[in-house]
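Student: Put chain B on the given structure of chain A with help from the hints.
Here are the chains, one letter per residue:
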Amino acid sequence: MSSGATIKARRAILGPQATRWFGRGWLGLGYVFLYLPILALIIYSFNDSNIASVWGGFTLKWYGQLLQDREVVTGLWLSMQIAFVTACSSVLLGIFAAFALVKYKRFKGRTLFAGMVNAPLVMPEVIVGLSLLLMLVSMQRALGFPERGMLTIWLGHLLLGLAYATVVIGARLQDLPPQLEEAAMDLGAKPFQVFMLVTLPMIAQSLLSAWLLTFTLSLDDVVLSAFLSGPGATTLPLVIFSRARLGVSPSINAVATVIILVVSVGVILASVLIARQERRRAQEMAAAQRGG
Amino acid sequence: MKARTMAKPSFIQGLLRGRTAVIGLPYAWLLIFFALPFVIVAKISVSEMETVHFKDLISYADGMLRLSIKLGNYLFITQDDLYFLSYVASLKYAAVTTVGCLLIGYPFAYFMARARGTLQPALLMLVMLPFWTSFLLRVYAWKGLLGEHGWVAEAIEAVGLDQLLLAAGLIPALGKLMNTPFSLVVGMIYTYLPFMILPLYASLAKMDLRLLEAAADLGATPWVGFWRITVPLSKAGIIAGSMLVFIPCVGEFVIPELLGGPQTLMIGRVLWDEFFSNNDWPMASAVAVVMILLIIVPLAIFNKYQAESQEAKR
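Top to bottom, those sequences are chains A and B.
Each residue of the first sequence is one higher than the last, beginning at 1 in full-length UniProt numbering.
Each residue of the second sequence is one higher than the last, beginning at 1 in full-length UniProt numbering.
With the rest of the complex left out, here is chain B:
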């Protein structure tokens, strides 16, 4: 082997050897480029916007130390309907997407995990493959599929499903599927479905099937076995998948922009407009801070389960 040529220690070797470097390097990087920016956003959200600069929060002049905090942006968010409604709409669409992904994804992951062992790697690869294909382009493709004369639009109209959608209030008129809440939800479920399937599959595939055999021996029907054994054992997968779908959906920008049309307000678009169209950076920051507050609980749950699954594997 090559062992002999590697023997001479070098400076870099010495540096890499220490666990300090292994932990310290990514840690420092994340503190500077991930944690610190949030502190700065929080700071700017209470700053006053001046023509080019923000006012400093703490200023010192004429022997007076001044601390100026502007809460106006937050007051505005609580008082203005636009913001309130878009937060509500974002949470609503995120919830609908999560439930939709779970309803489609759970049976999918289940049958995938119970397929013949030799078939499973291929089935898994086929779920992963869309990850390698541009997300932007796949979302864009739905514009064509649901638009006038699109394949899916024509199929839905052919079976009269659009009447159902109209009754459910998901589309404004018969034959109009694109740029509606319906097309938005289809795009979101489509995009996030693999994020639901993969953790579910992981938890269902490693399940001990002897438990089901034991349950059957004790007289449980397959249905009872499924509800009382399989579902509880896949709880970690359900939670991880739901969080992987729900949290990014709350702030989703690209999908509502391409598929949602003008009526569907989502908070990600509001933030984008505050920043790029109104150039109101403190306001955009305040919108972001409130968004973080909304997702902080699901985020904590996600991290807890992520940490637990890492521990469980040891």
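The shape of chain A in the complex, shown without the other chains:
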């Protein structure tokens, strides 16, 4: 909104005072709705009562039990490994896919390509999981590999991760002013140099966001993992899911709190780093413009 907007114009946009209070109330209630379950998980993880929804005083015993829970510990380790590999590969392939969609407007089968990249965003996971598994089974019959396990779970997660990574990276690529790349090209840089020296630094922030997002997606996935895991490859969400099906249990609350804490620290750290980097970049740009 321009600072010179008249009172009348402001009222046209925001409506009368009452609307504004209504808006604040709606936002407030919306955020309560979004955060209530997270808050409840954290609070009840300290609940000293075996009946999960009745408060029985403060305790740390569920955290102690967690460390001795072999199923949880091995599940977490497996999930972390898969999530790491998924995030790295999703970002790498996502850069390619985002480039193809944003930079190359016309190529054969572009509509099909765009459809295939976007579809996993909405496609019910039971369908994706089932179809990928049946293909892998057919492949195993014909070629003798792959066994169901880490590798097959990774293939499924990569499908989902690629879709999200492409959206995040593609959005950033679209916002880039093309002049910088064109200038570099005019100065004689080869396309690969332009990419490494100009484009990559400018989209670095989106790469980090995409990496974190695909990492957490993979760390969280139940349905694809259930279809694609073999015996002996039980990820943490599968452990949690099978327990949660049976009912509410305080040990899940403790796992939840640990995960929430680790992820929040990661995300906050990343966003602080991103903000700092952005500020430095803005300063450099301003300095360059003054100097030029």
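The hints are simulated quantities; they were obtained by calculation from the structure and are not laboratory data.
These numbers were taken from a predicted model, which means no experiment stands behind them.
Each hint should be verified, as a subset may be incorrect.
[Stated by the list, open to error] Simulated crosslink set (DMTMM-like; lysine to aspartate or glutamate; CA at most 25 Å straight-line):
{"no.": "1", "chain 1": "B", "residue 1": "K43", "chain 2": "A", "residue 2": "E147"}
{"no.": "2", "chain 1": "B", "residue 1": "K304", "chain 2": "A", "residue 2": "D175"}
{"no.": "3", "chain 1": "B", "residue 1": "K92", "chain 2": "B", "residue 2": "D273"}
{"no.": "4", "chain 1": "B", "residue 1": "K235", "chain 2": "A", "residue 2": "D175"}
{"no.": "5", "chain 1": "A", "residue 1": "K103", "chain 2": "B", "residue 2": "E308"}
{"no.": "6", "chain 1": "B", "residue 1": "K176", "chain 2": "B", "residue 2": "E154"}
{"no.": "7", "chain 1": "B", "residue 1": "K176", "chain 2": "B", "residue 2": "E148"}
{"no.": "8", "chain 1": "A", "residue 1": "K61", "chain 2": "B", "residue 2": "E148"}
{"no.": "9", "chain 1": "A", "residue 1": "K108", "chain 2": "B", "residue 2": "E308"}
{"no.": "10", "chain 1": "B", "residue 1": "K43", "chain 2": "B", "residue 2": "D80"}
{"no.": "11", "chain 1": "A", "residue 1": "K105", "chain 2": "B", "residue 2": "E308"}
{"no.": "12", "chain 1": "B", "residue 1": "K235", "chain 2": "B", "residue 2": "D208"}
{"no.": "13", "chain 1": "B", "residue 1": "K206", "chain 2": "A", "residue 2": "D175"}
{"no.": "14", "chain 1": "B", "residue 1": "K92", "chain 2": "B", "residue 2": "D162"}
{"no.": "15", "chain 1": "A", "residue 1": "K61", "chain 2": "A", "residue 2": "E71"}
{"no.": "16", "chain 1": "A", "residue 1": "K105", "chain 2": "A", "residue 2": "D175"}
{"no.": "17", "chain 1": "B", "residue 1": "K206", "chain 2": "A", "residue 2": "E278"}
Tutor: The following block gives chain B in isolation, referenced to the frame of chain A:
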């Protein structure tokens, strides 16, 4: 700068330079691991299940080329009430969830987009943050919140809202909120709300507010301006958000399993049971094929709008 050290071309550089590699690599990957599996599912859905293998569709023996297609699974789906009812229920719950997300999400996105500019990144971050927190655990948390003595359950009972829910047929008895259609819908709206808010916010935030000023100058009340300018201009966001919610909801498995209880039949659970409990892979495939047919129209709409919004940004 580092430009000089990068000058020597290598094999990989040469390979990466070509747009063929940039397009070809993800394209080939998606064809093999996304498109091909659907073909195989379609094939298996018309195959006959034998003890360990499926029969091949085309077989050649004694100089006879045979093509055997079993349509029994599809016939069964059309004739058996269980499947029909679960498809209907899935579409119904998906529709209710979509409308619920729109009713809550539209005002939310609207006031977010009209908040002070300096405040917006923080408001947006707060909507994104639950994405970083496990979806499974957030859904699980509702089991506690809506269960006996849960915070939300007690609050609803305190204000007598459960009488309304009982009258609407969303819960079977007073005080029983968990494992009902109500808890299922709450869980689904809760999970998919951010998927509605984010595209709506994107389309509302980039709207040219001068149009509203112009309308006001011409005598439109804020309400008229909202209905005749803001809503039509956010159409792309409404469609994208609705599709992002509706399509995955049709096949949702985890939320009905954790919050829906035994009465709420949804097709995702039926598919899961066919596959894991009955081990009937051809039947599970047939269920999946019918599900794809049901969502193919909304899917096409979603892709069209996704492509258009990508074009519009250029």
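Student: Each hint should be assessed against the structure and marked as holding or not.
Tutor: These are the hints, each one checked on the structure:
Between B/K43 and A/E147 the alpha-carbon distance is near 22 Å, which keeps this suggested pair within the 25 Å criterion. For the hint linking B/K304 to A/D175, the alpha-carbon distance of about 21 Å falls within 25 Å, and the restraint holds. For the hint pairing B/K92 with B/D273, the CA-to-CA distance comes to about 21 Å; that is within 25 Å, so the pair holds. As the CA atoms of B/K235 and A/D175 are separated by approximately 22 Å, the hinted pair is consistent with the 25 Å bound.
As the CA atoms of A/K103 and B/E308 are separated by approximately 15 Å, the hinted pair is consistent with the 25 Å bound. A distance of roughly 11 Å separates the Cα atoms of B/K176 and B/E154; the hinted pair therefore holds under the 25 Å criterion. Between B/K176 and B/E148 the CA atoms are separated by roughly 8 Å; this keeps the pair inside 25 Å, and the hint holds. Between A/K61 and B/E148, the direct Cα distance comes to roughly 23 Å. Compliance with the 25 Å bound is thereby established for this hinted pair.
Of the pairs offered as hints, the one joining A/K108 and B/E308 holds, with about 18 Å between alpha carbons and a cut-off of 25 Å not exceeded. Proposed proximity of B/K43 and B/D80 is supported: the alpha carbons are some 22 Å apart, at most 25 Å. Between A/K105 and B/E308, the direct Cα distance comes to roughly 12 Å. Compliance with the 25 Å bound is thereby established for this hinted pair. For the hint pairing B/K235 with B/D208, the CA-to-CA distance comes to about 14 Å; that is within 25 Å, so the pair holds.
The suggested pairing of B/K206 with A/D175 holds, with an alpha-carbon distance near 13 Å, which does not exceed 25 Å. Of the supplied pair hints, the one linking B/K92 and B/D162 holds, its CA atoms being roughly 22 Å apart against a limit of 25 Å. Distance hint between A/K61 and A/E71 is fulfilled; the C-alpha atoms sit about 18 Å from each other, no more than 25 Å. The suggested pairing of A/K105 with A/D175 holds, with an alpha-carbon distance near 16 Å, which does not exceed 25 Å.
As the CA atoms of B/K206 and A/E278 are separated by approximately 22 Å, the hinted pair is consistent with the 25 Å bound.
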